[in-house]
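**Student:** Sequence:
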Amino acid sequence: MPIKIPSKLPAKQQLEKEQVQLIASDTALRQDIRPMKVLLLNLMPKKRDTEVQFARLLGNSPSK
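Going from the sequence shown to my numbering is simple: count from 1 and add 646.
Be a bit skeptical, because a hint or two may be false.
Straight-line Cα separation of at most 30 Å, BS3-like style, residue types lysine-lysine; simulated pairs [stated by the list, open to error]: (1) Lys654 <-> Lys683; (2) Lys663 <-> Lys650; (3) Lys692 <-> Lys663; (4) Lys654 <-> Lys692; (5) Lys650 <-> Lys683; (6) Lys692 <-> Lys658; (7) Lys693 <-> Lys650; (8) Lys693 <-> Lys658; (9) Lys663 <-> Lys683; (10) Lys683 <-> Lys658; (11) Lys693 <-> Lys663; (12) Lys693 <-> Lys683.
Since the hints were made in silico from the structure, they are not lab data.
Computed from a prediction, not measured in an experiment: that's the story for all the values here.
Throw the hints in and build the complete structure from the sequences for me.
**Tutor:** Given below as structure tokens:
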């Protein structure tokens with residue numbers, strides 16, 4: 647399942663290197679899908695590492 651993340655997210659470059667399916671905001675607006683909205687509050691001291699782990703889990707989860 648592709649995930650939409652903010653373009654300024656520090657983990658974005660790492661996720662692109664790992665080929666996690668990401669979708670740009672403008673592309674997401676044109677899609678005929680019902681997005682699932684998830685809010686994660688990252689309180690971990692290693693912010694970037696934790697964001698990468700969250701995105702990996704969400705990006706590799708089944709879409710159904």
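**Student:** Given the hinted pair Lys663 and Lys650, is their Cα-Cα distance within 30 Å?
**Tutor:** Between Lys663 and Lys650 the Cα gap is close to 16 Å, so the pair holds against 30 Å.
**Student:** Keeping to a limit of 30 Å between CA atoms, is the pair of Lys663 and Lys683 held or broken?
**Tutor:** Answer holds: Lys663 to Lys683 is near 24 Å, not above 30 Å.
**Student:** Does Lys650 lie within 30 Å of Lys693 when you go C-alpha to C-alpha?
**Tutor:** holds, 18 Å
**Student:** What's the verdict on Lys654 and Lys683, does the C-alpha distance respect the 30 Å limit or exceed it?
**Tutor:** holds, 18 Å
**Student:** For Lys654 and Lys692, compute the direct alpha-carbon distance and say whether it is at most 30 Å.
**Tutor:** Within the cut-off at roughly 17 Å; holds.
**Student:** Quickly compare the C-alpha distance for Lys693 and Lys658 to 30 Å and report which way the hint goes.
**Tutor:** holds, 12 Å
**Student:** Is the hinted pair Lys683 and Lys658 satisfied, with a Cα-Cα distance of at most 30 Å?
**Tutor:** Between Lys683 and Lys658 the Cα gap is close to 18 Å, so the pair holds against 30 Å.
**Student:** Between the alpha carbons of Lys692 and Lys658, is the straight-line distance 30 Å or under?
**Tutor:** holds, 15 Å
**Student:** Quick one, are Lys693 and Lys663 close enough, alpha carbons at most 30 Å?
**Tutor:** holds, 18 Å
**Student:** Run the distance test for Lys693 versus Lys683: straight-line Cα separation, threshold 30 Å.
**Tutor:** holds, 21 Å
**Student:** Taking 30 Å as the top limit, are the C-alpha atoms of Lys650 and Lys683 close enough?
**Tutor:** holds, 10 Å
**Student:** Given the hinted pair Lys692 and Lys663, is their Cα-Cα distance within 30 Å?
**Tutor:** holds, 19 Å
No hint from the list above goes unmet by this structure.
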